[in-house]
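Student: Using the sequences and the hints, build the whole thing.
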Amino acid sequence: MSETEPTTPVGTNGVGTAPVAAAPAQATAGIVSDPLVEYLIRHGDDRLVLGHRLSEWCGHAPILEEDIALGNIALDLLGQATSLLGLAAEQEGKGRDADALAFFREAVEFRNVQLVELPRGDFAVTLVRQFLFDAYDVLVTEALSRSAHAPLAGVMAKAHKEARYHVRHSGEWVVRLGDGTDESHRRAQRALDDLWRFTSEPFLMDDVDRAMLAAGIGADLDALRPRWEASVREVMTEAGLQIPGGAFVARGGRTGRHTEHLGHMLAEMQIVARSHPGATW
Amino acid sequence: MPPQPLTADAVWAALHEVPDPEVPVVSVVELGIVRDVRIDGDALTVVITPTYSGCPAMREIERDVLAALRACGWASARVVTTYSPAWTTDWMSDATREKLRAYGIAPPGAGRAAAGETLVTLRRRGTAPERVPCPFCGSHDTALRSAFGSTACKALHFCNACRQPFEEFKPI
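Keeping their order, the protein sequence lines are chains A and B. Residue numbering for the first sequence follows the numbering used here, beginning at 1 and increasing consecutively. Residue numbering for the second sequence follows the numbering used here, beginning at 1001 and increasing consecutively.
There may be inaccurate statements among the hints.
Coverage of chain B stretches by chain A, computed from C-beta distances (three or more under 8 Å per stretch; other residues unrestricted) [claimed, not checked]:
hint, region
1, 1053-1061
2, 1077-1085
3, 1148-1162
Computed far set for chain A versus chain B, every beta-carbon distance over 10 Å [as the list claims (entries may be wrong)]:
hint, residue
4, S33
5, W57
6, C58
7, D76
8, G79
9, T82
10, E90
11, A100
12, S145
13, G154
14, K158
15, Y165
16, R168
17, P226
For the record, the hints were derived by calculation from the structure and aren't laboratory data. All values derive from a computational prediction rather than experimental measurement. Where is the CB? At the ideal position from N, CA and C, for every residue including glycine.
Tutor: Right, dumping it as C-alpha cells:
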C-alpha cells in the first residue's frame, strides 16, 4: 500500500469504492443467478487473488526461507482456488472451467473481498494483511468443512489444515514485526492502520450468504466474527500494536465493486492466457 | 506383453512400485495418496487424494500411476481425485515413517495431525518450542527454521548437535 491514505479508488468498471450506502445498478453486471455458483466463486476468488499477490514476492522476499514460505502459501491458496472455481464451473454448467474463470473474467466479475486485492506493499503490509485474512480463513474453512455440499466440504477440510499453518506463520510474523525494532513496529502499525477498514467486509452477510446458510451449505459469518476479533486482538496485544478505531468500512467486492488495484493485477495475471487463448505448455 | 489379470491385489501391488516424485523413498500407496482401487468388469479406477491443495506433484503422480497401470496391460485405467476425507499424515505406517527417517527426513509425529490446536500458537520468548528429533543423530536439540520447506509437505529445521539442517515431513 502506498504511503498516502487511499482516496476513493476507482474500479475498472468506473464505479468508485467510496462508502456509498447502496450498490449502484452497475455493480450487478456479470452477477450469476445461482447462489451456489456465486458462493463458490467468492471463496475461490479470495484465494486466487491473494495467492497471486503472495506470488509477487517470489525472488524478492527479504530472506530465502520467507521467499519459500510465501511461495508455498501462495501455492496452497491457488490450489484451493482451482478446486473451488472448478466446482463453480461444474455447477454453472456453461462449459467453462477453472482456468476460464480465472483468466477470462473482468474485474467487475470478480467476487473477492477488497482486502486481498490491495497491493502487496512492504513486507509488513503483506504479513499483516495475511494474518488478518488467515485468522478469518482458518475459521471459515473449519465451518465450511461441515458444509452440506459434500465437494465444498472436502475442499475446505483440506484447506483448513493448510490454513492452520498459514495463520501460525503470519501471526508469528505480526508479533515479530510489532514487537521488533522501532522501524518494524512503525511499519506494522501503519499497515494495520491502513488495512483495518477492509477487515469487516469478509463478515458482511448478504442474500447469497443467507441462502447458503439456510441450505446448510454456507458459514454463519456473524457467529465467526467474535472469534476472529478475539484472536486478532490477542495477537495484536502480543505484538504491541494498536487496533485502530474508525467507522468507515470498505465493501463491495462481493458484488464486483473493486479498488483500482484489482484491474491492474488482473491485467498482469491474465495477459499470457488472453494473448494465447488455448495455448498449452 | 499380455495384460496381467485385473485383480485388486495386482493393482495395489503395481501401485506400490510407484514412488512419490518428491520423496522417492516411499511409494504413493505408503503416503496414503492412493485411496481406493475400483474394478468394475474391465474398467479400472484409481482414486487419489492430494497431500496439499496446490501440490505441484499431483499431475505427475497421476501420470506415473497411469504409466504403471499401462505397463501391466490395463490401458483403459483412469485416475480420479478426491478431497474427502482430507489427506493426513496419520495414515502413514510406522514402517513408512522409519523409511523417511532413514532417508534423512524427520517423519511426522504419529497422531499429531489429529490433535486439536488453538487458533494461533505463539511461542513466547523464553518458552520451549516443540523439538523435532534430528533424523541424522537423534538429538532433540533442534530448532525450527521455517514451517515451509522445499516442498509443501516439508518444514525446515536445524540440528544444534550435529550442525546439519534437515527436513521434517509436517504432521497435517
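Student: Any hints from earlier that this structure breaks? Give me their numbers in increasing order, please.
Tutor: Failing hints, ascending: 7, 8, 9, 12, 13, 14, 15 and 16.
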